Every structure is written in structure tokens, then in C-alpha cells.
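Visitor: Quick mapping for you: the protein sequence lines, in order, are chains A and B. Note that my numbering has the first sequence beginning at 32, numbered continuously upward. Note that my numbering has the second sequence beginning at 32, numbered continuously upward.
Because the hints were derived from the structure by calculation, they are not lab data. Incorrect hints may appear among the rest.
Because identical chains share one entry, a pair is satisfied inside a single copy or across any pair of copies.
Under the rule of at most 20 Å between Cα atoms (straight-line distance), these lysine to any residue pairs were calculated in the SDA-like manner [to be verified]:
#	residue 1	residue 2
1	Lys81	His61
2	Lys81	Glu578
3	Lys287	Pro646
4	Lys236	Leu88
5	Lys275	Arg289
6	Lys449	Thr493
7	Lys287	Thr647
8	Lys275	Arg263
9	Lys478	Phe547
10	Lys586	His61
11	Lys236	Thr638
12	Lys275	Gly286
13	Lys230	Asn74
14	Lys275	Lys287
15	Lys287	Asn504
16	Lys662	Asp223
17	Lys423	Lys449
Since the model is a prediction, treat every value here as computed from it, not as a measurement.
There are 2 protein chains.
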Amino acid sequence: MTSSNTLRKVQVVSPVPADIDIANSVEPIHISQIAQDLNLTPNHYDLYGKYKAKVLLSVLDELQESKDGYYVVVGGITPTPLGEGKSTTTVGLCQALGAYLDKKVVTCVRQPSQGPTFGIKGGAAGGGYSQVIPMDEFNLHLTGDIHAITAANNLLAAAIDTRIFHESTQSDKALFNRLCPPNKEGKRSFSDVMFKRLKNLGISKTNPDDLTPEEISKFARLDIDPASITWRRVMDINDRFLRKITIGQGPDEKGKVRETAFDISVASEIMAVLALTTSLADMRERLGKMVIGNSKSGDPVTADDLGVGGALTVLMKDAINPTLMQTLEGTPVLVHAGPFANIAHGNSSIVADKIALKLVGPGGYVVTEAGFGADIGTEKFMNIKCRYSGLKPQCAIIVATIRALKMHGGGPAVVAGKPLDHAYLTENVALVEAGCVNLARHISNTKAYGVNVVVAINKFSTDTDAELSAVRNASLAAGAYDAVISSHHAHGGRGAVDLGIAVQKACENVAQPLKFLYPLDVGIKEKIEAIAKSYGASGVEYSEQAEKQIEMYTKQGFSGLPICMAKTQYSFSDNAAAKGAPSGFTLPIRDVRASIGAGFIYPLVGTMSTMPGLPTRPCFYDIDIDTTTGKVIGLS
Amino acid sequence: MTSSNTLRKVQVVSPVPADIDIANSVEPIHISQIAQDLNLTPNHYDLYGKYKAKVLLSVLDELQESKDGYYVVVGGITPTPLGEGKSTTTVGLCQALGAYLDKKVVTCVRQPSQGPTFGIKGGAAGGGYSQVIPMDEFNLHLTGDIHAITAANNLLAAAIDTRIFHESTQSDKALFNRLCPPNKEGKRSFSDVMFKRLKNLGISKTNPDDLTPEEISKFARLDIDPASITWRRVMDINDRFLRKITIGQGPDEKGKVRETAFDISVASEIMAVLALTTSLADMRERLGKMVIGNSKSGDPVTADDLGVGGALTVLMKDAINPTLMQTLEGTPVLVHAGPFANIAHGNSSIVADKIALKLVGPGGYVVTEAGFGADIGTEKFMNIKCRYSGLKPQCAIIVATIRALKMHGGGPAVVAGKPLDHAYLTENVALVEAGCVNLARHISNTKAYGVNVVVAINKFSTDTDAELSAVRNASLAAGAYDAVISSHHAHGGRGAVDLGIAVQKACENVAQPLKFLYPLDVGIKEKIEAIAKSYGASGVEYSEQAEKQIEMYTKQGFSGLPICMAKTQYSFSDNAAAKGAPSGFTLPIRDVRASIGAGFIYPLVGTMSTMPGLPTRPCFYDIDIDTTTGKVIGLS
């Protein structure tokens, strides 16, 4: 891509201006230019305005004979609540590779949830001179994927409650008459989706009129146990008052009230399906087999049992195409899927990574970010995402900051919104060195997958040379392939050139195959225990509820799925206050749930909030539009 | 536009195939071609894939010196539950004007709600050989406008409950500290949106530190009365279990439970704002002044009081641009806004109509559809939409069917999903003639606005010549400018050529100014009574609640707004069973509500459901995707 005319090296200013000011200082390149540099023609994508395009999945079929580029995953050490710059590093590295090192490169990132944009957190497009632009389009609506997920999720929810209601008021015969009504000639037929249920029930008849009364009852009555329903409604808003609600209180619903809740949309299983699917046909199948709860006799009830799997796929048919955007320095970005990093696996989509690997080709680079610390994000990237994609990364980056290492070394608590303690602003090599136990464990855990580990030290202006060397030394001692100081926040791609060179070497010099942390064909508990061991736990303790669920999922035939731990990102252990590299603790499993369509079992370690709230003065107070220019102001 | 190469005359087949089969039989034209025929260059629009584009509002500024084309509104007689083909007629007429009569034409229609697409109703793109295509893109997601409305509506809802919660747990001082926190230098400042509230409170100070404790309390404490909240959450799904719910039952919400409900998204006031706004600045103002309820002392509380008006506008900034699509015969369509025809005004957007009128220019035609029967749709088009737009239609169409006229003449009840009675399938001129009283009243009511009325008789295959002539005669006798038989469903534009010619003459021969049904500067009751009289009522009866609300809105200064009646579309009266042209009845007003941002007061005549449900076997059973071609199947 040396001949590209779209790349540009941004002139930086010091001190670094506000993110939105930097983003607005650059006129984005028309996205068709960015696409053209990837050898995409207008047939390969749909434009969504001037700066976004959906790359069609058909590109993957067309390029199936092409070879992949290098695959790099970006994880991090256990973070402070302020975040250690994983997104920024991912973007900065790609700017270095593309705009300074003449490599073909694609950045793969998650679509941010819109809810927090108006709450405390603000946007999620990177920061400083390493950003995805236009920032407002990245953070708001994008190309509608999360809205499609919300619609699909809630259509399924409405289908569940409506079905329970209609079953409660109708006889088997009436129910069957409505499900398979006679046409003008008096003939009944099954719709295609009904054959899936018939097959599961062991009924091979194809004419509804041939069913016995017993078969009619089995077919028409899902007999959902309301207490077993795990499917919730979702909304892409921080709305704490929907964390626990009672529905069905209208007079027409005849007392069929039920307690339930809304989650934020990115916590929907459909988001996890989008992130893990590999084709339209695969997505259709996964959406249909999502389990929403059990029948009163304990059998799983699926979206296809409710007849809605096809409609869900139709709602998601455009969402399966990743969105092409650009960095500040004109390198391409694929934004796709953003599953909750907690009850789901927190990685961007398989299809975006696959398309990107083909587009960059041999010698090119795809850099993809994994959510949270490497104990959660990189672990799930390897054991869930790579397991389903069949892809193997050559290099894993671990982003570290002096700030977070000092915290792990015993520094005072870091609290969002409060000024940083003096310890974080002046040199303290001893604190940094002590904190490197956290980094070291992430390095050895990650290295065990068979990849070369490069530590990216995300440099802040208060960091000193002695502190930075201490991290580099500790990284190499712990087995890192390299450890590089990177100043992409202040300098854009130019600040990450050394990191880019290190990543290049790491990718070119990997020889080992990918090794998973656990095989799939062992019991759920064995898999949980393998992961717990990687956290430093000496054992696992299961609640009664967890034991019951493990038994149920095993009986239902789901024990062969990978495990997606729902654990705090603030510690290797279940205790967010345990910094550094705790060991010898017992990991408590409070409950175990499953996303059968997405394809994983998720044990809950502690209480996980799946619906954020708004503070007294949310970000939205500052957000407005300049009605003369149409520009968004106050977005951070 | 005679030189256009995009128009095409579709070859029709008899009997008329299924809508989806007709839609799929035509390869749509790339939307940039359709745009080019309207003299739009790529700077004027954003593409959303190959067959949709958002026309930017800036087109209106650019063309402000250009003259408008003719403006035609399509209403209907009081319908049966099956609908009388108003959308189909709107589309068919435009196909005739554009593809057969060489006129510049733009069709303006509402975006359909996605909820009913999966319920009973199916899609809303017209039918037969008069459709908007691609049908699946028209019915699903479109360009995300309804999703943006859902997001904005629910952000405001979350802001309300969160604010009540935070006010309940904090002192005035703590609240003020959080709303106006000191920066690093210890200085406080108000955000821009806060000055709106300060101004309303009569506080002219600009430095937060200068506020007295009393002013701090007035400013920081909205003191919302939970019982007065009229703002509900919305979802674009038929979810009957959300018709009445209790929220805030989570332990962290500390017992602040509240009964509320979800409406379907198109019932959101934000949808009505989108439909009635005239510019970005106007939308910002309307969204900010939406009233969500009252303070405990009876003052209205607005979105801007909650600090969220700017963020709502940011969420809606792309939604304000109408979406360009095409008919089966390649004429342009602007799809924009779809306010509930009941508690809102049921018309597509002012900005789409305005842009369209400039684009077609003098001698061209803009045909826009008004929801429900003309008693509601056309009345609101004139008295609300035209009042805010300043536009004047030359011609109003009233769509009639033999089927509906027979029902008004005393035919048996028409019930959706049940076979039609024999009376509707064989000739019965007497029934038709008797039913024309309904049509006659719609004609005289509509004519009173100063427009020429053309009756479009939407021909069905079972209609006889004698029946059709009876309608034509009755129409002319009632004062219609013309009455024309139209077979656009079976024949596309060719079937509506006579209608097109009649509309052309009607537009060229209008001389009267637009006359509203009521002036704005009289009391709420006087306005309600003027509308009731047009229904045939001899008087109006107000409930105690209605009286109280009228008094409150008058006191709050909102009595100068137009009136948006929420009444059944199945009769001129409040009783859906009273067909024909009932008169002498007393119209009961059960309650009166207001959409201050959208700009109307809406009296409730009877109970209005704002959240539809799903039947036992919803449409979604048939909807799926062909995973090899990616085509949607089973959408009706």
C-alpha cells in the first residue's frame, strides 16, 4: 500500500488538545477512497453517508482462496477504573504500521454502546492523536447494528410473553388451529420454521391433519415455565429504573404479571451471536437455537420453537456486515459488534477479523482489541473467539501504564472523577517494580497460548525514564518477546513506530501452534477450574444454584461449550480490591448461565450489573448541536 | 423530466401476484440515478446502500428562491378494518404522473412502524403494481429514523427517573455541587442548556457562585411530581406486556417504584416533532420544550430543564433528513416520519414535502398521504401540518372503495381475517348509493378548506360499472371537482392515468385561499367544538378530568396550540359502529393531553391503545432469509 494517496501524517500539537478538537481538526477522507486502498470496489460495500460503509460478507467468499495477513490481539494488564489506553494503543499501532511503516493494516474494534456516551464514560473512539473518526458517527447510531440487535432481542421477548398468554387462554385445538390455520381450500400446512420443532419432538409427519391429539398438544404447547425465563428485554440507554420491573399489569393481560428486567443492548445474547458468527447461514442457526428458558418439564425452549428465528435473522441481515471507518491518519478500521465484556466475551466480530485478514493479505496486519484485562479479554479471545473462527494470532500485545503498575505495587486507590494521588505523578520506581507482578502473570498466561507477547508501555507525560525501563526489564524477564515505550496518544502513528517494528518482528518469528487453555470435551467444572487456575486461584467453590445449573446444562447436552467467565476486570481474583497477582484464593461461582446460540456457558463470579445508570450530571448536559453548521458539540 | 432514463413502465400480469413477488420481479434503479433525475448531485444526499439515500436539509436552503410545484394530499373515506388503499393510490397516482404523463413528481409517505410488520398487518409499502421498493428495506430499519426516535425518547425517560432519584437522596447544596461542579481552579460554570432554565426562573445571574440558597434550590430542584409524568418509554415492537408496568424495583433504586408504560415508538412525541419541524434549529427548540410532566407546584417541566434537549437533537440529527426511495415504475419517493395517526397527527414530514415541492418545481407534483379517514387525517393535515408549514395544497384526493361504501350503506360488518360477506362480492347499487353519505360529508368537509376535491375510486375486480357510476355521480353531486375510477393496483401507473389527468386539472384550476377550520386564538373548547361539528356532532361533553386538564393547559399558556383529536377512524363519531354519516350525537372528551414540543393539544375521545399486541400466529412465522441469496422471504 506504499502507493496509497489516502494516508496522511497528522501534525501534532503540544499539549495534546481535547479529543473532539483533534477529531474535528482533520477532514476525513471519503470512505470510498479508504475502501479503494483495500482493493474494494463499490460492489463490495454499501455506503452509509460519506465516512462509513458496510463491507459485504460476500467479500469473504470472493477472497476465500487468498492468504491471511498477520493477526495481532491487543489485551492489557489489570486496569485502573480510568482505563489504560487499550483502544488508543490499538489505533496508534495501526497508524504507525500504515502511515509510517508502509504496511497494509486494518484495525478491528468494537462498536461502543450508545448508553454510556450520555452517561459518565463519554465516547470510545480512542484518544489524543490515535482516534477513529468521525468520532460522533462512531459513537452514535453508527450503521444501526445495535439498534437492529435491540429490535431483534425485544421481538423475541414480546414473542415469549405473548405465547405464554395465548397458551393460557386457549385449548390445544384452538391453539393448533391458530398456528396452522386452514387456507381457502381448507388445507393446513406447517411453516418452514415449524419443521424444526417437529423434528426436535421426533414427529416426522408433514401434514398437520395427520397429527394425533397428543402430538398436537406437544407441538402447539411450549408450556414455558415463567420462572425459568432468562431472556430479558434490552435498551441501549443507561436506565437504572429498568433493572427490575413488573410487566403485564394492563387489564387485558389478565393478571399474567411477571418480574423481569432490561439489560443494556450490548449485553444481549444476539450481540454475542453477531460477534461469534461466521456466515449468514451460521447466524440463522445460532439465532434460532438461542434458549430463552425451559418448559415446565425442563426442556430448553428456543427462538425457533417460538417461530421467530427467521424474523430475527431478517432484522440482523445488514448488521452482519462490518462497518468501514478510518483513523486520524487515514488507515482503515472495521467496527463490528460490541458484546459485553462481562457476561459475554467482549471481543469484536469474527467476520470483521476474517475479512480484514484477507484484505491485508500476507505481510499485512490485522490488529484487534480484546476487552478488559488480558485475564478476561485475551483469554476469551483465545478460548472462545479463536476456537469458533479457527484463526490463530501470531502476536499478543499487553498494554501497560506506569499508573496502573504503581496501583498494583501498592499505590493508593485510583477513583474515577477524583484527582490522582501524588504517588502517580512523581517518580517511584519501587512501586512500579512491585506492580510488575501483575504484568508478569498476564505475560506468562498469554505466552502459554503459543503467541509472542509484546508489552506496549503507553507513555504518559509524568512517566520517568527509570520507571519505564523498570517495566521493560520486568517484561523481558517474564518472557515477553519485546517491551516498547509508545507515545501514540501525544504523537499519533509516529509515536508507535517502535511498537510497530516490534510487532512486525514478533509476527515474523512465531513458530508454535495455538494452544487452548482447556479442551472442550471435559466437564463444565473442569473447564472453569482451568480458567480459575490461570487467575491464581487454588480452588473453586460452587453455590447450590451453580451446582444445579451445571447439572441442568450438562443434562441438556450443553457441556461441550467453551466457558465465558463473568468476573471483575479489576483483579485476577473475584475481589476487585486484590491488586497485583493474588494467589491461593478460592474462586466463588455464584451462578451459571448459558448463551446457547452464541455458544458459551457463563459462570457468574460475584454480582454483575448489566444495566448502567446515569449520574446526577450526565455527559448529556454538555452535548448539543451547532444548528448553523450541524456539528456536534460537547461530545467527549 | 421527459428525458429521464430511469422511468420504466412495468409489464403487469393478471391475476395480480403477491406484493413481495411483484416487488422482487423488478430490479430497483440505483438511488443516485433517481436523485440525478431530481437534479440532485452527490453533495445533496448521503447514500444508505444502493437503494436509499438521505436528502440533506441543506437542499432547502439552496433552493429557497425556487418556486414550489403543486401540492396534493390524499385522504380517504371512513375505512373498513381492511383499509381502502390510500397508500396504494398515492403511489399509483405518482407512477401515472411520472411514468405516463411526463410530469415531475415526488411521492411523500410515512415510514411504517416496524412492530406491526411482524404482527398482523405486514408491511406498508403500497400494494399490487403500486409499491415503494425495495419493500423489505422500506419496512425494516429504513435509514434508522425510528431507532433514533426510540433512543432519544428513552434517554429522556431515563433522565426523568434518574433525576427524581438523585433529588430524593441529595440536599440542595449537594445537588447543586454535582450539577455545577468546580473545575481544577475551583471555578463553577453553568452549561449552555442551564441558562434556559435560569431564564425561565427569572434568574439572570451567570456565575453559579452568585446564586442565593433560595435560587440554588429553585434551580437545582425540578421537584417533579411523579403522578404528573406523561412521558413514557417506547419500543418499535408490538409488546402488549409493556402496556402497564412497574419500574424501579431493584434494591439500588431504594423503593422509588412507579407505574408507567411503553408505547410503540411511532407514538412518541419526538416522532410528531420530526414530522412537524421545519429546520434543525426549530427541531432543537421543539425537543427542548417538550413537557414531561409538572413540578409539585404545577409548573411544566421540560427536556431542557433536565439538560437533555441538546443530546436529543444530536441523536436526531440524521433523522431530520428524509429518505429517498423509488416506486415500482422508478418515480422518486421521500419517506419521512410516521407519527401515530391517533394521539398524534398521522402525516409525513413537513421538511420532506417542502424539499419535494422545490425539487419538482412549478408544473410538478408532490403527492402526500394523510393517515386514517379524511375526518382525522386530512383535517390534521390542514389545521396542524399546513398551519406549521405555511404550505397550501391545491387538490385533496379522497380514496373510496365500493366495499367501504357498501359497509356505510348498511352492509354487514367487515372483520379482518374473516371472509367477506356475499354483499361485498356481488352487485348492490342501492347499498353503494346509501353509503355515499359518508363520502359526501368527507367531500364537503374537505372542500371547505378551499381546495379542489378529486374522488379516487380504488377499483376492485368485483366492482361493477353500475356501482362505480353511482359513486361518481354521488361525488359530483356532493361538490367534488371530479371523481375517477382507478385501477393502479392491477395496472400500476397506467391504471391511474385518468386520475392523474383529473388531479392536474384540479391543481391548475384552484383559486381560493386556504381556510382553516378554526382560528388558533380562541379557547381550547371552542377549537374542539369546531372539529366536533365537522364530525356531525351536535355538542361536546367533557369529563371532569378533561375540564381539569383544559384549565391547566390554559393556565400554563398552551391554549393557543392547534387541536389533534384522538378518535376512532372507523366512524365520524366516537362510536366505531356508527357508519355512514352520523349526526346529532354528543362527542365525549374523556381526557385532554398535550404535546408541547410537537405543538398540539390532544383530546382523547374514548380509549386509545398506543401499544399493539401480537396474535397467536404472528407474521414472523413466515419471515426468513434465504441464506444463499440473502433475500428476505415471507414478508407481506
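Visitor: Each hint should be assessed against the structure and marked as holding or not.
Guide: Do the hints match the structure? See the list:
{"no.": "1", "hint": "Lys81 with His61", "verdict": "both (6 Å within a copy, 17 Å between copies)"}
{"no.": "2", "hint": "Lys81 with Glu578", "verdict": "neither (53 Å within a copy, 52 Å between copies)"}
{"no.": "3", "hint": "Lys287 with Pro646", "verdict": "between (34 Å within a copy, 16 Å between copies)"}
{"no.": "4", "hint": "Lys236 with Leu88", "verdict": "neither (37 Å within a copy, 57 Å between copies)"}
{"no.": "5", "hint": "Lys275 with Arg289", "verdict": "both (11 Å within a copy, 12 Å between copies)"}
{"no.": "6", "hint": "Lys449 with Thr493", "verdict": "within (18 Å within a copy, 76 Å between copies)"}
{"no.": "7", "hint": "Lys287 with Thr647", "verdict": "between (35 Å within a copy, 16 Å between copies)"}
{"no.": "8", "hint": "Lys275 with Arg263", "verdict": "both (10 Å within a copy, 17 Å between copies)"}
{"no.": "9", "hint": "Lys478 with Phe547", "verdict": "within (11 Å within a copy, 77 Å between copies)"}
{"no.": "10", "hint": "Lys586 with His61", "verdict": "neither (54 Å within a copy, 53 Å between copies)"}
{"no.": "11", "hint": "Lys236 with Thr638", "verdict": "neither (47 Å within a copy, 46 Å between copies)"}
{"no.": "12", "hint": "Lys275 with Gly286", "verdict": "both (18 Å within a copy, 11 Å between copies)"}
{"no.": "13", "hint": "Lys230 with Asn74", "verdict": "neither (39 Å within a copy, 54 Å between copies)"}
{"no.": "14", "hint": "Lys275 with Lys287", "verdict": "both (17 Å within a copy, 12 Å between copies)"}
{"no.": "15", "hint": "Lys287 with Asn504", "verdict": "neither (64 Å within a copy, 54 Å between copies)"}
{"no.": "16", "hint": "Lys662 with Asp223", "verdict": "between (48 Å within a copy, 16 Å between copies)"}
{"no.": "17", "hint": "Lys423 with Lys449", "verdict": "neither (41 Å within a copy, 59 Å between copies)"}
Violated hints for the displayed structure, listed by number in ascending order: 2, 4, 10, 11, 13, 15, 17.
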